[in-house]
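Trainee: Take a look at the letters that make up each chain.
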Amino acid sequence: MHQQTVEQAMHAGVSTTAVAVTKLTKRFPGVIALNEVSFDVRMGEVHAVVGENGAGKSTLIKAITGVEQPDAGHIEIFGRSVDGQNATARRAEGVTAIYQELTTVPAMSATANVFLDQPLHKAFFLRRRPMRRAFVDLSSRLGVTIDPDQRGGMLSISDQQMIEIMRALIARHRILIMDEPTAALGPTERVKLFEVIAELRRQGTAIIYISHDLDEVIRISDRISVMRNGSFVATDAKSAWTKDRMVRSMLGQTQSRSQRSREPGYDEPILVADRLTVPGRFRDLSFSVRHGEIFGVAGLVGSGRTELLRAVAGAQPDASGRIMIDGAFRSLPRKITEGLHLGIAYVPEDRKAHGLVPLLSGTRNVVLTDLRRVATAGIVQPQKCRELAEAATGPLGFDRRRLEVPVRTLSGGNQQKLVVGKWLHRKSKILLLDEPTRGIDVGAKAELYAAIRRLADEGLSVVLVSSELEEVVQQADRIAVLARGGLVATLEHRDASVERILELIFSVEGQG
Amino acid sequence: MTILNLERNNDLADPVPVERNPGQTIARFLEQYGVGVIAVILVAIVAVGNPAFLSFINIANMLSQWAPAGLMAIGMTYVIIAGGFDLSIAAVFSFSAVVAAAVGQQQSFVLALAAAVVAGAFVGVVNAGLIARFNINPFITTVGTGFIVTGITFVFTKNAAFIVDNVDFGIIGAGRWHGVPYSGMLLILLLVVAGLLLSRTIYGHVVYAVGGNIEASRFSGLRVPLIVGSTYVLLGALTGIAGFISASQLTSAQANMDPNILFDVLTIVIVGGTPLGGGVGSIGRTAIGLLLIATITNGFVLLDINPFYQNIIKGVLIVGALVLDSILKRVTRAV
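Keeping their order, the protein sequence lines are chains A and B. Counting in the numbering used here, the first sequence runs from 3 upward without gaps. Counting in the numbering used here, the second sequence runs from 24 upward without gaps.
Please keep in mind that the hints were generated in silico from the structure rather than gathered at the bench. Please note that a few of the clues may not be correct.
To be verified - Which stretches of chain A does chain B cover? Using the computed rule of at least three CB atoms under 8 Å from a CB of chain B, they are:
1) 354-361
2) 373-384
To be verified - A few chain A positions that, by computed beta-carbon distances, are all more than 12 Å from chain B:
3) 236
4) 290
5) 427
What the hints assert, rightly or not - Over 10 Å on every C-beta distance to chain A, these chain B residues come out as not near it, computed from the model:
6) 52
7) 56
8) 81
9) 145
10) 156
11) 157
12) 180
13) 229
14) 240
15) 302
16) 349
This structure is a prediction, so every number in the text was calculated from the model and none was measured. The beta carbon of each residue, even a glycine, is placed where N, CA and C say it ideally should be.
Please build the complete structure, drawing on both the sequences and the hints.
Mentor: Quick look at the structure:
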């Protein structure tokens, strides 16, 4: 039905513009987040918006959904002005958004989380069975297996991301806005999501798609717009774009790429892991990490990448096996404090939940990993805090003027720099990085990896886990490929490519 | 690369300290010191209504009267900032007062004080163990331990008052140096020390961190159970001192000393500006809360206000302070 009306409308030459934004302006104290922005998206179109952190993408979305009211300009939805209408009214018009922040309610079931704001009901009673059925249908469409009764808090980050997507899909969505929907997803889940997006597009849904992954943007969108400093720099059909042109438009100049600067020295390994086992994830995994190398770990979601890092860090209580560090074998650390004591620092994946104390300033977050360095006789020296926090975050390109504001108010990219910076503050021998670039833009990524390479050149050993296989391939000196609960291969940098890794993974995953 | 960095500094989503207009500055000031402003206004009203309010003798009396609740409020501030809560303190207060009196009947007041502190700290250790080690909800845990402690105190005293004849025993509670009560001096001293401990030391920093995000603190390598637990022990010990002072002031103690003290303490801390939930607050705010509550209570007496209206006014002031705080927060964030 719906599809027919769309096609009819298209044939009849009726305007098919779903959202039209004209000269939208939004100011925040000291900054202009949106500067006379004009933008539109048509029915049955995927319009991607890319730009650096803080370019104004999120503000644009919030203005369209009605969460933020603009200072000037107009918004029309299906040709009708919605200026001044609130978020609820616009939702009724079919404007649905998937925001970047995960909003799973920990104590509620996966099903209840999907139907959080629009439960199926008959009078006052919830209709549990239909909700469950819808959940199962939807998850099979998305190719995920999430237990409908699992509590939200027990779900992995990628499953939580799927819950957000499912929540939007059950809503009345004539206009669907997706902000970084794939940041937490693995390659297979992404492919499924793209299929769903293609289907929605055929049905006539207008989709605004925001992502830092430029390959993905080129792959799925019809038109692409680049935002910089609160303005649209360019809007063009997909065919007119290349990745390089996008990056240049985003940064306003050619990107400087972080390069591997030397072959790692083949000295003694600094860390040897011997027959590590985490029940349900992997068994008898052994590998070694050398001085001053970046050691990548590649695998699909659920391959145990995160658990591997956590086991070495002392954050995975059910792990068994032993490690050699400082030339002697010992049991795995049982607590994070123990790991830190051995010189192993773990930068966790979920910066909101595990990385930062949101109400405290950047400085206080950074110095938290080693307060003794900023204190004399137990008294914390504010001057020293500032100096050392600047020293730890400066190389990552963090603006030191932002060190004193609560980290809650910072953008994702800046928060991530602080998360990495706080573990650089604590001098350690081995840095375990779990998804260090999740949800941050290309410029910030380049700065982060350049800084990590410099530290590796100075002798720090880094273990890097990322669902962005391309990043692992680019950055790591050696790559361990995990699949089906074991180590499939360890590739040298020169032999590694995304295709080679996927080939290895699927050759093993494919068996039975 | 330099151009890139310059752009980064203009990152639009994130606030850098910028100049604010006067309205925001005032709102921000009130958000930080709003309760203090209210306290000063109230002090002025009461002082105008009855000049005796600001007399040396009245201030000295107020200090002495509020020393026990003030000491406990210091400890409660630590517990709440660390993300916890303690409902057992009224029971611990009576318990340690009784312990102090029992020891004080036979021994010197120094030993009595030490015994009260140990008794209070012991309950703190039990609370800490249950909450931090076994990860049990602090509300329920401390209701439970509170019942147990109250029960033990009744069994021990057989519901009789312990009267202490020993003259020395009353020194700390009722004694004065040139008119200044020792208990009041102790309160001010401990407010200053606890304030510095919280704002300037490693220990203070980690208390804010665990209250602000317990998981991030664990991943940062902090000993979370020890830090959280220590705040309950500190509160227990301070409640022990409070119990001793109260017993010393009355030269007697019983199982049911002052059931309202729990609510006084919580009111002081929360109205002062240390919200439940953790990660935020300070001893300075608690000191202001103490000033506010003490002024209201004393003002009722000095201004001869009908006791029936006292509770209404007290309630309105407490709720009003919190509503004002919430409004100011919205004003300072929205713009």
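Trainee: Run every hint past the structure and note whether it holds.
Mentor: Results of checking the hints against the structure:
1. 354-361: holds (count 7)
2. 373-384: Holds, because 6 residues of the region 373-384 of chain A bring their Cβ atoms closer than 8 Å to Cβ atoms of chain B.
3. 236: holds, 17 Å
4. 290: Holds, because the least Cβ-Cβ distance between residue 290(A) and chain B comes to about 24 Å, which exceeds 12 Å.
5. 427: Violated, because the least Cβ-Cβ distance between residue 427(A) and chain B comes to about 10 Å, which does not exceed 12 Å.
6. 52: holds, 16 Å
7. 56: holds, 19 Å
8. 81: holds, 37 Å
9. 145: The claim holds: residue 145(B) sits with its nearest Cβ about 25 Å from chain A, beyond 10 Å.
10. 156: holds, 14 Å
11. 157: holds, 16 Å
12. 180: holds, 41 Å
13. 229: violated, 7 Å
14. 240: violated, 7 Å
15. 302: violated, 5 Å
16. 349: Fine: 16 Å to the nearest Cβ keeps residue 349(B) off the interface.
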